[in-house]
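Participant: One letter stands for each residue in the lines below.
4 protein chains.
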Amino acid sequence: MSSGIQKIEWASGFMSTLNTISEEAVLRQAFQGLRVGLVLHIEAKTAVLASRIQQAGAEVYVAASNPLTTQDDIVEALRSKVTAVWARRGEDSDEYISSIRNVLAAKPEFIIDDGADCIVESHRIGLGSVRGASEETTTGINRVKAMEKKKALKYPVVALNDALTKHLFDNRYGTGQSALDAFMRTTNLLVAGRVVLVVGFGWVGRGIAERLRGMGARVLVSEVDPVRAIEAYMEGFEVLSTLRGVKIADVVLTATGCIKAITASHFKAAKDGVIMANAGHFNVEIDVQHLEEKAGGKRLVRPNVVEYNYNGKRLYVISEGRLLNIAAADGHPIDVMDMSFAGQFCALQYLIEKGDVLGSRLVYLPRRKDLAIAKAFLRGHGLKIDRLSRQQRDYLGSF
Amino acid sequence: MSSGIQKIEWASGFMSTLNTISEEAVLRQAFQGLRVGLVLHIEAKTAVLASRIQQAGAEVYVAASNPLTTQDDIVEALRSKVTAVWARRGEDSDEYISSIRNVLAAKPEFIIDDGADCIVESHRIGLGSVRGASEETTTGINRVKAMEKKKALKYPVVALNDALTKHLFDNRYGTGQSALDAFMRTTNLLVAGRVVLVVGFGWVGRGIAERLRGMGARVLVSEVDPVRAIEAYMEGFEVLSTLRGVKIADVVLTATGCIKAITASHFKAAKDGVIMANAGHFNVEIDVQHLEEKAGGKRLVRPNVVEYNYNGKRLYVISEGRLLNIAAADGHPIDVMDMSFAGQFCALQYLIEKGDVLGSRLVYLPRRKDLAIAKAFLRGHGLKIDRLSRQQRDYLGSF
Amino acid sequence: MSSGIQKIEWASGFMSTLNTISEEAVLRQAFQGLRVGLVLHIEAKTAVLASRIQQAGAEVYVAASNPLTTQDDIVEALRSKVTAVWARRGEDSDEYISSIRNVLAAKPEFIIDDGADCIVESHRIGLGSVRGASEETTTGINRVKAMEKKKALKYPVVALNDALTKHLFDNRYGTGQSALDAFMRTTNLLVAGRVVLVVGFGWVGRGIAERLRGMGARVLVSEVDPVRAIEAYMEGFEVLSTLRGVKIADVVLTATGCIKAITASHFKAAKDGVIMANAGHFNVEIDVQHLEEKAGGKRLVRPNVVEYNYNGKRLYVISEGRLLNIAAADGHPIDVMDMSFAGQFCALQYLIEKGDVLGSRLVYLPRRKDLAIAKAFLRGHGLKIDRLSRQQRDYLGSF
Amino acid sequence: MSSGIQKIEWASGFMSTLNTISEEAVLRQAFQGLRVGLVLHIEAKTAVLASRIQQAGAEVYVAASNPLTTQDDIVEALRSKVTAVWARRGEDSDEYISSIRNVLAAKPEFIIDDGADCIVESHRIGLGSVRGASEETTTGINRVKAMEKKKALKYPVVALNDALTKHLFDNRYGTGQSALDAFMRTTNLLVAGRVVLVVGFGWVGRGIAERLRGMGARVLVSEVDPVRAIEAYMEGFEVLSTLRGVKIADVVLTATGCIKAITASHFKAAKDGVIMANAGHFNVEIDVQHLEEKAGGKRLVRPNVVEYNYNGKRLYVISEGRLLNIAAADGHPIDVMDMSFAGQFCALQYLIEKGDVLGSRLVYLPRRKDLAIAKAFLRGHGLKIDRLSRQQRDYLGSF
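Protein chains in written order, with my numbering: chain P, -15 to 383; chain D, -15 to 383; chain C, -15 to 383; chain F, -15 to 383.
Don't take every hint at face value.
Since the list gives no way to pick one copy over another, a pair counts as held whenever it fits inside one copy or between any two copies.
Think about it this way: if two alpha-carbon atoms lie no more than 30 angstroms apart in a straight line, the pair counts; the simulated BS3-like pairs of lysine-lysine are [unchecked claim]:
{"no.": "1", "residue 1": "K231", "residue 2": "K252"}
{"no.": "2", "residue 1": "K231", "residue 2": "K359"}
{"no.": "3", "residue 1": "K244", "residue 2": "K231"}
{"no.": "4", "residue 1": "K353", "residue 2": "K129"}
{"no.": "5", "residue 1": "K129", "residue 2": "K338"}
{"no.": "6", "residue 1": "K282", "residue 2": "K65"}
{"no.": "7", "residue 1": "K252", "residue 2": "K278"}
{"no.": "8", "residue 1": "K368", "residue 2": "K282"}
Just so you know, these hints were derived from the structure itself, not from any lab.
With the rest of the complex left out, here is chain P:
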């Protein structure tokens, strides 16, 4: 069995939620005759999703949502499971966008996207086939919102990130763990005792902060939002400005969703030997460009670790400031993507069922589908919970 097939089977074995949620559609061949474009990170979990959609009767066309995260053995394995795949690790920008165009050339009726590049491109070329799309990242949703505002949106887009079963788990537990995983395997350094500044205390930031503490780090937190800052404070983290934080931090992790969270002033204030990495979606949070321009020297000191000689200090940057859990590890753990991809599957079903009446706007996964995913997850993990009695329901409704 090829390594790609192995990885896909392994992942599938731990994706009970997606498997349960998609079961009926597969049995009924519910997607028969439909074409679906899927633009996601090409690795094992994505392959499970793509396969399930194809198994439910659709033709699935796949491209990568990021040129650097494609795993070639998965591409190989996926060729036998979906209609077409265009992806290659390390493809350049041209090849990247042309792969997406290949997907669109198949005239998909539905798009499953990560980052909205495919959605945006479909609008740019004025593709008429698309009846709806689903987008899973905050960043992609923001782009769609901007299109909606300008009344440029041509079909409904499900803001999947807003599903409870997505955003409550994916960023907090998924990135929380995988960022740690990436840091440890990239540096071989002890987390215990290290002073780590987490910049940003949103879901990603707090997930990382909690896991860092769980591994024994001393965690500092900087924020721009006063309420989140108090939450960090009451969780026992040391809250301070980023500038004061970098003066004492051994490691700096950004999770702000914003540009230049770490920039010239911070580089100047940082300790010799500081290690910096980014856990936000885009590689804009650490101002790597400034280092590229101003550093006296630069060299690779470990796979994925570059040392900059800056103001007489050594500054280390992991994976060029790209999302470290994907660039330097294996992305989200399987179980987390299981729920998120069950959401993508439900979003697709929702668009198929209702797409034509939803209008060209951002829409949300219905609460009942969200709950169905949660219940499938619980069942798949052998967890039983309570149900309200009629008397209790009456009481809660009586206020």
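Once you have looked at the hints, place chains D, C and F on chain P.
Facilitator: Quick look at chains D, C and F alone, frame taken from chain P:
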């Protein structure tokens, strides 16, 4: 100095947020000529709030929001600080409601309430003086919602619980700590190792669950909401049905906001010697009435601990199933009430400024006031946070 | 039922280890004809131990090991359970020592001691009746060691603190919890977010540090031992000198076993409003005497909290720098004393069985008795553990 | 720069303790004229140690202590740094032992060993050159103890594992982290929520248990020692027998130091899909041989993960039951080996200084060297701690 004055001064010293927020109003005598009715638990922190409102120029009339939580030394001390107080520990229902009527007889223009008894009573008697009220509990807000739905509401009511600086902190950190405090001082038992079932994983439940784990307990969680159940699971708690939980729990703590979370079937399944307590607002979560009717015997075995002889087992109930952190300890820690009462002060200001144009409906504390409270808290605790640069604001606005 | 009897019964219900360990001795009346002097903190758990020894046939004579911790209702209840009790809350030094002399006047053959005052006094008066003693505190054991070194010791003394079932649990989990309990009930302050300096990272210090973190505090640790300092560092605590710590701490807790851990230089560096308390055995760790002499003013601001006006700042000291968990709360949780007192019972049995051949020296509880206690605890808590197979035993013995 | 050199430089940059401890010896060329045999896992951190000894003037001869953990790029890089290296990834038993014999053929005066294979072999061949050795593992020390008992030992051996700066950190924090690292990178599974049975609660077991909890797992613990079982219980872990544990565990991790901790009865009771791994020194804890003999089928499902078809269930074993943090990750984090290897360096110095008067027995690193290491670590991490005043020292000495 009397014990009441001592306690009030001690509390005031740790209520920098309320003190900062109210500073200008006090200086400007902003409430001059207004009458404010205040119906809250009568203890030191409340006295600080009442005093600040009076210091800002208002006449303040005070009654208790719960007959059992009044501290008589605070009542005594408060007499010299506000216009009038009607409260006495252990007052009966008649005295309780007549105290509230005394407050209303003063024809207050604004009401600050906890549980909505005063708001409801003002409607019942058709009091015309009231121009607005603020209510801090979920339970009270639910009652107001019901009134709004029936179009019975006669003035605007601020749903203070919805302020971020209230609900993100009060239930999670406040009840989280004080429930532990109450359990420890009531039982003198070790928390470490004990198997504790937390029924309900809302803000209160998760606050308690985290603190219990922080003290070394093995924590079980039961829930009716599938999404919350997964959150509990991913936080590492053992998730199970209440019925399975009571079979292995040494301690059961309810935090559901619902009736009969623990009832006959659970009493029957429980272990001999189980200790039960409630952290929800009302004493309806543990079906104490069933025990009163069916238990073979009952005796007080420690202050605040009653033993029921039930089906040949000993079942212990703390404080008759009332909110244990108030009934068996000192309520929320000072710092938490500091933020919540800063919210009450802001709500009062908001009603004074805008009450006449808000309409007779549930309204919310404006975001800028919420942020002002958060910033005052940070300043009072010596915490400095970041500010977005213009470039960063532009970036975030550019999507 | 009197409050003393209530408390003793409640405690006894959670002392399954002592009850199991003492069962056979009680059945066999194993201590028939013996006189035992018992000098411990007079509260409910001690009463359970005293009663069990008397129930096993001995005459038990009781005095207090600390004049401030005696609970009068327990004294009252104890009179009906043992041969004689001499103790009163708030007795002065003369009454304190005369109570111990009363115990010795009964010519006990065995002494159970806490702090070694009774052991020392028995030597001072040259009492010939004593055949052995057991001492449970590190401090008391140090005093006995000094006597042994000077060859002044006249009978064997069991260093009970060295039993695994004592020192691994008592200080870490017992003081860890009860110090938190005392802090919370004394101050009504939120632990979450507070900056707490723990001075000393021995068993007590680490127990407190872990529980503080579990309640959300930001914990600083100072130490004199480099290895312990690294342990604190790797547990994620901020390690610094006491002097730097007091400059940022909201709360300072001492657990060093040494004098003047906090003294003039620290008072000078401390923040306005700092709260100081001691979790070590003696009230020598915080230099309260210096404050008494140099402070500009002093007043009680809450029960057990004194405010000193020092260098223009307010410094708060809990319970005059005495052991806060005993002075300001209820001492160790019941379950912890259960194991420790099972140890005292075993020590007494050991002295009865072997005292005459042990020699006049410090001796240790035999490993098998220590294990018997541990096994009784496990059984009493319904915990089952593994046993090595013969093959496994052979393997471990084969190296 | 070759990848081997890169890795060694990276490691060296985080090994301030070893660098500080060895500084003077390097300056003074203290090991001039000596031959040292070094038999350790051949990876970057070991290369730093080997280099420092050579830099201090010795001739260093290196072989692997485990045929599977050798990194070939490090071997390459090491050739330019020491006198000779014999090692190759995947060497067979013959090559393995012949490499050790090559080291011994160089007639080393001192041996630095891991597992005692080199020490044992030096005795077998009756090598006369050796004046002393240092052994860092519990297992190796047990072997030496057996030799000592039989009076077969011919030179002093430092039991390095007994140094505080070794055993307090290495197993707890080193294995604690690296076992998690290995599990995550091998399986890509979420730790949060998973039910993990840790078999054995020694330093390794508790390190792993704490880190697992820190990553959100629900942790079960089984033990044979009653005292350790109570510690696990009071830390909030669920304590049960291994047999009951495997019935509910998703993952089983062994850390017992004993054979057959998981054997036929456990395989039979385990859940379908359970993942098993070992964190103890030898691959004897999980009875893989039984699976090899009785399983219906076997296949590799991920790198380092084998699936056995056993009794109709799928059982997964990581790295054939070998030490997972070394076999499936990068061994201990650098900072932990920094302290341990500083200990090896000190042990070597101690043997050089005193070896001739120590006698042929197991000896211990002197307390002052242990403290010197701890102090160097603190200095290297910028940590300042307190010093006892004369008055405090007197007080502590006065008992």
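Participant: Is it within a copy, between copies, both, or neither that the alpha carbon of K129 lies no farther than 30 angstroms from that of K338?
Facilitator: Close inside one copy (20 angstroms), not across copies (33 angstroms); limit 30 angstroms.
Participant: Tell me, please, which holds for K252 and K278 at an alpha-carbon limit of 30 angstroms: within, between, both or neither?
Facilitator: within (11 angstroms within a copy, 45 angstroms between copies)
Participant: Go through the copies and call it for K353 and K129: within, between, both or neither, with a Cα cutoff of 30 angstroms.
Facilitator: both (23 angstroms within a copy, 28 angstroms between copies)
Participant: What label fits K231 with K252 when the C-alpha limit is 30 angstroms: within, between, both, or neither?
Facilitator: both (9 angstroms within a copy, 27 angstroms between copies)
Participant: Measure nothing new, just compare the shortest in-copy and cross-copy C-alpha distances for K368 and K282 to 30 angstroms and report within, between, both or neither.
Facilitator: Result: close neither inside a copy nor across copies, 55 angstroms intra and 33 angstroms inter.
Participant: First find the shortest C-alpha distance between K282 and K65 inside one copy, then the shortest across copies, and answer within, between, both or neither for a cut-off of 30 angstroms.
Facilitator: between (43 angstroms within a copy, 25 angstroms between copies)
Participant: For K244 vs K231, is the C-alpha pair at or below 30 angstroms within one copy, between two copies, both, or neither?
Facilitator: Close inside one copy (17 angstroms), not across copies (33 angstroms); limit 30 angstroms.
Participant: State whether the alpha carbon distance between K231 and K359 is at most 30 angstroms within one copy, between copies, both, or neither.
Facilitator: Answer is between: at 23 angstroms across copies they meet the 30 angstroms cutoff, but 46 angstroms inside does not.
Checked against the numbered hints above, the structure violates only hint 8.
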